[in-house]
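Since chain A is already given, all that's left is putting chain B on it; use the hints.
Below, each chain spelled out in residue letters.
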Amino acid sequence: NAGVTQTPKFRVLKTGQSMTLLCAQDMNHEYMYWYRQDPGMGLRLIHYSVGEGTTAKGEVPDGYNVSRLKKQNFLLGLESAAPSQTSVYFCASSYLRQGNQPQHFGDGTRLSIL
Amino acid sequence: DQQVKQNSPSLSVQEGRISILNCDYTNSMFDYFLWYKKYPAEGPTFLISISSIKDKNEDGRFTVFLNKSAKHLSLHIVPSQPGDSAVYFCAASRGAAGNKLTFGGGTRVLVKP
Numbered sequence: 001n002a003g004v005t006q007t008p009k010f011r012v013l014k015t016g017q018s019m020t021l022l023c024a025q026d027m028n029h030e031y032m033y034w035y036r037q038d039p040g041m042g043l044r045l046i047h048y049s050v051g052e053g054t055t056a057k058g059e060v061p062d063g064y065n066v067s068r069l070k071k072q073n074f075l076l077g078l079e080s081a082a083p084s085q086t087s088v089y090f091c092a093s094s095y096l097r098q099g100n101q102p103q104h105f106g107d108g109t110r111l112s113i114l
Numbered sequence: 001d002q003q004v005k006q007n008s009p010s011l012s013v014q015e016g017r018i019s020i021l022n023c024d025y026t027n028s029m030f031d032y033f034l035w036y037k038k039y040p041a042e043g044p045t046f047l048i049s050i051s052s053i054k055d056k057n058e059d060g061r062f063t064v065f066l067n068k069s070a071k072h073l074s075l076h077i078v079p080s081q082p083g084d085s086a087v088y089f090c091a092a093s094r095g096a097a098g099n100k101l102t103f104g105g106g107t108r109v110l111v112k113p
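So the protein sequences, as listed, match chains A and B. Counting in our numbering, the first sequence runs from 1 upward without gaps. Counting in our numbering, the second sequence runs from 1 upward without gaps.
No wet-lab data here; the hints were simulated from the structure. Given the structure is predicted, the values throughout are model-derived calculations rather than measurements. One thing to keep in mind: the hints can contain errors.
Said to hold, decoys possible - Calculated pairs, EDC-like style, for lysine to aspartate or glutamate (alpha carbon to alpha carbon, straight line, at most 16 Å):
(1) Lys-68/B <-> Asp-24/B
(2) Lys-71/B <-> Asp-31/B
(3) Lys-70/A <-> Asp-26/A
(4) Lys-54/B <-> Asp-31/B
(5) Lys-9/A <-> Glu-42/B
(6) Lys-70/A <-> Glu-30/A
(7) Lys-56/B <-> Asp-31/B
(8) Lys-14/A <-> Glu-79/A
(9) Lys-71/A <-> Asp-26/A
(10) Lys-100/B <-> Glu-30/A
(11) Lys-100/B <-> Asp-31/B
(12) Lys-5/B <-> Asp-38/A
(13) Lys-100/B <-> Glu-59/A
(14) Lys-70/A <-> Glu-52/A
(15) Lys-37/B <-> Asp-107/A
What the hints assert, rightly or not - Footprint (simulated), chain B over chain A, 3 or more residues, beta carbon under 8 Å:
(16) 36-47
(17) 101-112
To be verified - In silico negatives: residues of chain B with every beta carbon more than 12 Å from chain A:
(18) Gly-16
(19) Ile-18
(20) Ile-20
(21) Ser-28
(22) Thr-63
(23) Lys-71
(24) Ser-74
(25) His-76
(26) Val-78
(27) Pro-113
For every residue, glycine included, the Cβ atom is placed at its ideal position computed from N, Cα and C.
So that you can see chain A by itself, here it is in the shape it has in the complex (with noise of 0.2 Å):
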């Protein structure tokens, strides 16, 4: 009983490599999100996915691309990353597009860019 499972848990990067985060989920759900978390800032938007193929952007798109290959998964990449992307990333899904449906989260990456 999986749920959402985010990789790598931690990562450390220097300015300007890149790299992607992966996110699975077994659930079966439709739609599926990319957060950031800041100190203080709580969970924002960063893009997201209504279905297999699909995306969208967030709150916060700027530096990240996402791709929906398959239904199950959810990628997220930083292709030149900047000290500013340095946070913890988190991976939510759900399976109805209903403002109470709640999304079920993964545990998070740490990314460190120095």
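What follows is chain B alone, placed relative to chain A:
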């Protein structure tokens, strides 16, 4: 401009007493409100939600109250238990964009035995 605000960054309460967490919002188009609980090194987990057509929703020890005219909601935990020590996030969504959540900054709750 933060549309959802939790003005108390932390709260300390004695075990068995009531914990009251507050949340204010500015966007009158929000029609669902949710509370999430987060332990260190884990992702947020859903706790309770309320629709804008209601003013109260209860689930065991947890009750959420909504005051639409004041654009304010609160979460009551009664009685508080040491296992409730966590960070609590208030979140809001709009029906037309119901898949996107706007989060508050969180309130850290410490329940003392």
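Hints versus structure:
1. At roughly 10 Å between alpha-carbon atoms, Lys-68/B and Asp-24/B fall within 16 Å of each other, so this suggested pair holds.
2. For the given pair, Lys-71/B sits about 11 Å from Asp-31/B by alpha-carbon distance, which is consistent with the 16 Å threshold.
3. With a CA separation close to 12 Å, the supplied pair Lys-70/A and Asp-26/A stays within the 16 Å bound.
4. Pair hint Lys-54/B plus Asp-31/B holds up; C-alpha atoms about 10 Å apart against a cutoff of 16 Å.
5. For the given pair, Lys-9/A sits about 11 Å from Glu-42/B by alpha-carbon distance, which is consistent with the 16 Å threshold.
6. In summary, the hint linking Lys-70/A to Glu-30/A is supported, as the alpha carbons are separated by about 11 Å, within the 16 Å threshold.
7. Proposed proximity of Lys-56/B and Asp-31/B is supported: the alpha carbons are some 14 Å apart, at most 16 Å.
8. Of the pairs offered as hints, the one joining Lys-14/A and Glu-79/A holds, with about 12 Å between alpha carbons and a cut-off of 16 Å not exceeded.
9. A threshold of 16 Å between alpha carbons decides the hint, and for Lys-71/A with Asp-26/A the separation of about 10 Å falls inside it, so the pair holds.
10. Between Lys-100/B and Glu-30/A the alpha-carbon distance is near 13 Å, which keeps this suggested pair within the 16 Å criterion.
11. A threshold of 16 Å between alpha carbons decides the hint, and for Lys-100/B with Asp-31/B the separation of about 12 Å falls inside it, so the pair holds.
12. Taking the CA atoms of Lys-5/B and Asp-38/A, the gap is about 15 Å. The hint holds against a cut of 16 Å.
13. Of the pairs offered as hints, the one joining Lys-100/B and Glu-59/A holds, with about 9 Å between alpha carbons and a cut-off of 16 Å not exceeded.
14. Taking the CA atoms of Lys-70/A and Glu-52/A, the gap is near 6 Å; set against the 16 Å cutoff, the hint holds.
15. A threshold of 16 Å between alpha carbons decides the hint, and for Lys-37/B with Asp-107/A the separation of about 13 Å falls inside it, so the pair holds.
16. Under a criterion of three residues with beta carbons nearer than 8 Å to beta carbons of chain B, the stated coverage of the region 36-47 of chain A is upheld, 6 such residues being counted.
17. Residues of the region 101-112 of chain A with a Cβ under 8 Å from some Cβ of chain B number 8, which satisfies the need for three, so the listed coverage holds.
18. Annotated as non-interface, Gly-16/B keeps its C-beta farther than 12 Å from every C-beta of chain A; the closest such distance is 28 Å.
19. Ile-18/B, annotated as away from the interface, keeps every beta carbon of chain A farther than 12 Å; the closest lies near 24 Å.
20. Against chain A, the non-interface label of Ile-20/B holds: every CB pair exceeds 12 Å, the least being about 19 Å.
21. With a least beta-carbon separation of about 14 Å from chain A, Ser-28/B lies farther than 12 Å from that chain, consistent with its non-interface assignment.
22. Look at Thr-63/B: its CB is around 16 Å from the nearest CB on chain A, clear of 12 Å, so calling it non-interface holds up.
23. Every CB of chain A is more than 12 Å from the CB of Lys-71/B (nearest about 16 Å), matching its label as outside the interface.
24. Look at Ser-74/B: its CB is around 17 Å from the nearest CB on chain A, clear of 12 Å, so calling it non-interface holds up.
25. Against chain A, the non-interface label of His-76/B holds: every CB pair exceeds 12 Å, the least being about 19 Å.
26. With a least beta-carbon separation of about 22 Å from chain A, Val-78/B lies farther than 12 Å from that chain, consistent with its non-interface assignment.
27. In this structure Pro-113/B is separated from chain A by more than 12 Å, as the shortest Cβ-Cβ distance comes to about 27 Å.
This entry satisfies every hint, going by the numbered hints stated previously.
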